[in-house]
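Trainee: Sequence:
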Amino acid sequence: MFKLDGLCNNQQLSTAIELVKEMEANKVELNIVVYILVIEGLCKAGKIESARDLFCGLSSKVQPNVRTYTVMIQGLCRHGLIIEAEKLLREMEGKGCSANGCTYNTIIRGLLNKNDTSLATRLIQEMLERGFSADASTMELIVDLLSKDIVDPALLPLL
1 MFKLDGLCNN QQLSTAIELV KEMEANKVEL NIVVYILVIE GLCKAGKIES ARDLFCGLSS
61 KVQPNVRTYT VMIQGLCRHG LIIEAEKLLR EMEGKGCSAN GCTYNTIIRG LLNKNDTSLA
121 TRLIQEMLER GFSADASTME LIVDLLSKDI VDPALLPLL
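Under the UniProt record's numbering, the residue at position 102 of the sequence shown is numbered 102, and the numbers go up by one with no gaps.
Keep in mind the hints are simulated off the structure, nothing from the lab. A hint or two may mislead.
Stated by the list, open to error - Across the chosen pairs, the derived CB separations fall in these ranges: (1) Asp135 - Lys3: 26 to 36 Å; (2) Asp53 - Lys95: 30 to 40 Å; (3) Asn26 - Asp149: 54 to 64 Å; (4) Asn65 - Glu126: 17 to 27 Å; (5) Ile83 - Glu29: 32 to 42 Å; (6) Gly80 - Leu19: 24 to 34 Å; (7) Ile150 - Asn65: 17 to 27 Å; (8) Asp53 - Asn113: 19 to 29 Å; (9) Leu19 - Pro153: 47 to 57 Å; (10) Met139 - Gly80: 18 to 28 Å; (11) Asp152 - Lys61: 16 to 26 Å.
Stated by the list, open to error - As a list, the in silico EDC-like pairs of lysine to aspartate or glutamate whose alpha-carbon atoms are at most 20 Å apart: (12) Lys87 - Glu140; (13) Lys114 - Glu86; (14) Lys47 - Glu18; (15) Lys27 - Glu49; (16) Lys3 - Glu24; (17) Lys44 - Glu24; (18) Lys114 - Asp144; (19) Lys21 - Glu49; (20) Lys61 - Glu18; (21) Lys3 - Glu29; (22) Lys61 - Glu49; (23) Lys95 - Asp53; (24) Lys47 - Glu84; (25) Lys87 - Asp116; (26) Lys114 - Asp149; (27) Lys44 - Glu93; (28) Lys61 - Glu29; (29) Lys114 - Asp135; (30) Lys44 - Glu18; (31) Lys148 - Asp116; (32) Lys61 - Glu91; (33) Lys114 - Asp152; (34) Lys3 - Glu22; (35) Lys61 - Glu24; (36) Lys95 - Glu84; (37) Lys61 - Glu22; (38) Lys95 - Asp116; (39) Lys114 - Glu93.
From the three backbone atoms N, C-alpha and C, an ideal C-beta is built for every residue, glycine too.
All chains, full assembly: derive it from the sequences and hints.
Mentor: In structure tokens:
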């Protein structure tokens, strides 16, 4: 696992994928953490389609968990694919995997970075209804956008 983590962190993703395929071929039972490492590495390297392909193939191997979904949502947001990120959020919940505070903060930051304050506000309300709160980086982004008159001040009481 440490070798795989090192490969992904050093953007040696083709080697990391080969290693995973080799382990699968040798019937090594891989857990979700292995796939999360590779998906996250692919997303960070801008290989969002490869990350999406790996993610979509997971259910035949292991079930994605909240961390897997959050990593994929973060990758989609990072590459401006906000609609897909929101669809994935709904899909995860439809499959019985509940979003956590980190998941909500990830997608809300993505929305705010794209100035989609309408959907961000709805998700903040949803997040609060589920008992989660904005983290420091989300709050910082909201304050920054408020100072630039990009975000509606009505958003503040929600936080």
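Trainee: Evaluate each hint against the coordinates.
Mentor: Now for the hints, and whether the structure bears them out:
1. Asp135 - Lys3: 26 to 36 Å: holds, 32 Å
2. Asp53 - Lys95: 30 to 40 Å: violated, 18 Å
3. Asn26 - Asp149: 54 to 64 Å: holds, 58 Å
4. Asn65 - Glu126: 17 to 27 Å: Holds, at about 20 Å.
5. Ile83 - Glu29: 32 to 42 Å: Once the Cβ atoms are compared, 35 Å apart, the range 32 to 42 Å for Glu29 and Ile83 holds.
6. Gly80 - Leu19: 24 to 34 Å: Since the Cβ atoms of Gly80 and Leu19 sit about 30 Å apart, the hinted range of 24 to 34 Å holds.
7. Ile150 - Asn65: 17 to 27 Å: violated, 34 Å
8. Asp53 - Asn113: 19 to 29 Å: Taking Cβ atoms as reference, Asp53 and Asn113 lie about 25 Å apart, which means the hint holds.
9. Leu19 - Pro153: 47 to 57 Å: holds, 51 Å
10. Met139 - Gly80: 18 to 28 Å: Holds, since Met139 and Gly80 (Cβ atoms, about 23 Å apart) stay within the stated range.
11. Asp152 - Lys61: 16 to 26 Å: violated, 44 Å
12. Lys87 - Glu140: Between Lys87 and Glu140 the Cα gap is close to 25 Å, so the pair fails against 20 Å, i.e. violated.
13. Lys114 - Glu86: holds, 13 Å
14. Lys47 - Glu18: holds, 16 Å
15. Lys27 - Glu49: The hint is violated at about 26 Å.
16. Lys3 - Glu24: Given pair Lys3, Glu24 holds - Cα atoms ~16 Å apart, limit 20 Å.
17. Lys44 - Glu24: violated, 24 Å
18. Lys114 - Asp144: Distance of about 13 Å is within 20 Å: holds.
19. Lys21 - Glu49: Status holds; Cα separation ~18 Å.
20. Lys61 - Glu18: With Cα atoms ~16 Å apart, Lys61 and Glu18 stay inside 20 Å; holds.
21. Lys3 - Glu29: Cα-Cα ~16 Å, so holds.
22. Lys61 - Glu49: holds, 19 Å
23. Lys95 - Asp53: holds, 18 Å
24. Lys47 - Glu84: holds, 15 Å
25. Lys87 - Asp116: With Cα atoms ~15 Å apart, Lys87 and Asp116 stay inside 20 Å; holds.
26. Lys114 - Asp149: holds, 14 Å
27. Lys44 - Glu93: Violated: Lys44 and Glu93 sit about 24 Å apart, past 20 Å.
28. Lys61 - Glu29: With Cα atoms ~9 Å apart, Lys61 and Glu29 stay inside 20 Å; holds.
29. Lys114 - Asp135: Distance ~18 Å between Lys114 and Asp135 Cα, so the pair holds.
30. Lys44 - Glu18: holds, 18 Å
31. Lys148 - Asp116: holds, 14 Å
32. Lys61 - Glu91: Satisfied, since the Cα-Cα distance of roughly 18 Å is no more than 20 Å.
33. Lys114 - Asp152: Distance ~14 Å between Lys114 and Asp152 Cα, so the pair holds.
34. Lys3 - Glu22: This hinted pair holds, its Cα atoms lying about 14 Å apart.
35. Lys61 - Glu24: With a Cα-Cα distance of about 10 Å, the restraint between Lys61 and Glu24 holds, given a limit of 20 Å.
36. Lys95 - Glu84: holds, 16 Å
37. Lys61 - Glu22: Holds, at roughly 14 Å.
38. Lys95 - Asp116: Not satisfied, since the Cα-Cα distance of roughly 26 Å exceeds 20 Å.
39. Lys114 - Glu93: The hint is violated at about 24 Å.
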